[in-house]
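Chain Y is already provided as a structure; the job is to place chains V, S and R on it using the hints.
Protein chains: 4
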Amino acid sequence: MVNYMAVKIILLHGSPRKYGAVSKLIHIAAKGIKDAGGEYEIVYLYDYEIKECFGCVSDDQRICRFPCIIRDDFNNLADKLLRSDGFIIAAPIYWYSVPGRVKNFIDRLTSLENMIIHTGRSLLEGKTAGFIVSGNDSGSIMSIAYLMVTLNSMGVHIPAWALAYHHTPEDVLEDDQAVSDSYNVGYIVAKMASRIRGVKEWYKAIPDNYLDELKKYTVEKTREFTWQEKQRYKYYEGINS
Amino acid sequence: MVNYMAVKIILLHGSPRKYGAVSKLIHIAAKGIKDAGGEYEIVYLYDYEIKECFGCVSDDQRICRFPCIIRDDFNNLADKLLRSDGFIIAAPIYWYSVPGRVKNFIDRLTSLENMIIHTGRSLLEGKTAGFIVSGNDSGSIMSIAYLMVTLNSMGVHIPAWALAYHHTPEDVLEDDQAVSDSYNVGYIVAKMASRIRGVKEWYKAIPDNYLDELKKYTVEKTREFTWQEKQRYKYYEGINS
Amino acid sequence: MVNYMAVKIILLHGSPRKYGAVSKLIHIAAKGIKDAGGEYEIVYLYDYEIKECFGCVSDDQRICRFPCIIRDDFNNLADKLLRSDGFIIAAPIYWYSVPGRVKNFIDRLTSLENMIIHTGRSLLEGKTAGFIVSGNDSGSIMSIAYLMVTLNSMGVHIPAWALAYHHTPEDVLEDDQAVSDSYNVGYIVAKMASRIRGVKEWYKAIPDNYLDELKKYTVEKTREFTWQEKQRYKYYEGINS
Amino acid sequence: MVNYMAVKIILLHGSPRKYGAVSKLIHIAAKGIKDAGGEYEIVYLYDYEIKECFGCVSDDQRICRFPCIIRDDFNNLADKLLRSDGFIIAAPIYWYSVPGRVKNFIDRLTSLENMIIHTGRSLLEGKTAGFIVSGNDSGSIMSIAYLMVTLNSMGVHIPAWALAYHHTPEDVLEDDQAVSDSYNVGYIVAKMASRIRGVKEWYKAIPDNYLDELKKYTVEKTREFTWQEKQRYKYYEGINS
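Chains as they are written, first to last, in numbering that gives the first Met the number 0: chain Y, 0 to 240; chain V, 0 to 240; chain S, 0 to 240; chain R, 0 to 240.
Pulled out of the complex, with its shape left as it was, chain Y reads as follows (with noise of 0.2 angstroms):
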């Protein structure tokens, strides 16, 4: 029986202060994770060497891979991140994005992702993720939009409101519904984490030929809509009507 261990959660804290926003929010958030069951780990991204990606893939796909040839502290953080069931990226907003340390780290995650093209699997398939923004002014939803978007295409699972944000100069403590929600984004995480551990495989491989099977049934049941055309000019009239 797999599930009487804890899931683990990596708290990511993605801001050169220790002490602000940020910090506050991800404290809150590691209580929700331990309610839920689950254990944390509060990771300092600004404790750690991490140099930037340069693009190895540009030049081949197959070059870039888990382990990193870059040699820095990224590959241990990595490691911290495959060992755990899920992670959340708590950072502040610097022009409507995260930081460019953050942005560095991110891009480096391409070679656990890449592993696709050595193995068919990305290093970080079935983890689970959440998010947790802040600043004084815009800018929360797109740098969430951005995370949520980039993150879940490098095979990570997003539970619902897997999201907080603080966007306004007050002290985020006085934001009832900041707290909450990253509260939430703890709890949630980790709820999600712990329901769906043990399934390592999420993405299915198509074989060559069912991949053909596939095309021609979606021909067949489109080709039943080629008179539709002839009643678009109808509906195009009707629209006119």
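Be a bit skeptical, because a hint or two may be false.
Which copy? The list can't say, so a pair holds if one copy fits it or any two copies do.
Distance condition first, Cα-Cα at most 16 angstroms in a straight line; then the derived EDC-like pairs of lysine to aspartate or glutamate [as the list claims (entries may be wrong)]:
#1 Lys215 to Asp170
#2 Lys214 to Glu173
#3 Lys214 to Glu169
#4 Lys203 to Asp175
#5 Lys215 to Asp175
#6 Lys214 to Asp175
#7 Lys79 to Asp58
#8 Lys33 to Asp59
Keep in mind the hints are simulated off the structure, nothing from the lab. Everything numeric in this text was worked out from a predicted model, so none of it was measured.
Just chains V, S and R now, kept in the frame of chain Y:
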């Protein structure tokens, strides 16, 4: 035992053209749903009357509730979503986003989400969703990022790789990646919906006294970093040395 | 001498509520236009019938042209834009973007932009635009980023600080930044439109032989960096040393 | 007569690879600048040391000013921008956005923009900018939308079609649209910069008494729509009839 029944996934077809790329990819996603043991229903949004939201929440947040007061087909469409375990939005890319009709449909979903105000729960909470978009140029990721962050904010899960897109003028069936990804959007959404079935509540409401406790806790936790501020100036120096 | 006439800026009002925050900010923008020596007209999009685009370009890119074949008020609205020097889109934020009605209007602008196919020129080329959005929560920058990249792709200039937003539940007139910025959206759009008046063509069509020349030129220019590839491995080493 | 001097446009090269698609498109944009009568300088961001912003503004908005206190090459790079009339950011697409290094550069531009706090003027006010991105997959419009809204918020003009992208694995020189658009990014940026040269101030500071007047004016203007609210319920009925 509730899980013996197949999960039901709604395929929301958001194109005026029933014979185009969106249609082809939606049938392929349908196969993915079936292969994951689920059932599906294709709903052609252009076959229904969907009037535009006129923003009752801007007058008074308490006015907006489900069923929506606007008399058209929306409430029946919404009922389909409510009786489902998840849904997939498949749409053409019109200027880097979904068409106005699909946006109108999303705007109207407010009546489901805003039940938070009345009952504490979004009616979309815990549904699982995926996204397929198609166009002959750019804007695919921007469209999908928009859909992800919006639906996630309504309480919807986004499982791994819940995205597929086609963004060139060539026939979509020449694009094996789009075909394989669309299949997997169906497959993974159904698999996730099946896996988390029966979990009705995800967001945990926080009683006021616990909210206070959380705030005190985080102040305590970040206090240990007040010395950090001084260290920070060392950090500044470190950067400059 | 063409510049003795005032520039004309259309204020597109994209809210169903004529008495709300969008209305307040639009009147303030109107003052900015006047103060820059321009004239304005407020157009309430909700007073017109704007049917949805049904994507003729997806059937055949050559079908779509202005005037649009759909019979409703769009062509008259478009005429207002064509006779103007610029326009400002002011809209409420519905789920991190503009309402479906405004999106439908944008979708229909395709008929103006797609004239590139027929005459080499977008009918919106050289217009100047600005953007004002208002909501009681997040999504302001995401809405504006969407509008900017879309209109710019149609050939529209976006002058400095062509954006204003309000994103809290407080009355918008308490938000001096939003008021000042909205004024300046009007002021700057009119100022820019006035400054560049008379320039009809911006995009320069490139003859085939010049296109070939450009390609040869850039190959030559980047060739000098082929040695770079080797140096690159030194760079790799540099990073790792 | 101020216009006898050619405008100067900086081409910011944001790729670690000097021989790739970004390099090719940047040389083509350079030709566009020349053909518009401008001069250019290519600046390879990867040749300079650009440390990351550590967010002084989060501690106290007044700390941040130009020149930035961090000792590296940024202030010299910024000087190039300040002595120019405009700039073009050309970058590869790393996960639907610019690479971390380019993001770090953008973060550091805060020191130029934040001079608003000190002098009322962003040091980037009135510059003209354009954007070129290249990748072998999706994310081009998302990257460009991000750059547009960010630079525009710093006071930078975005002229018509200030965007070019390449988003397939084929050689960029096979993509005539990308080549022609890149040329035009250079051409149009230079043309616009030339046209508006000499205009130093765009944002108009509003004295307090005028701010009050504006607020009264807009209240008066929207008051005439209070009857609208009642009409609105008729509108509701109209929608439902």
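Find the hints from earlier in the document that the structure breaks and name them by number, from lowest to highest. Of the numbered hints, 7 and 8 do not hold.
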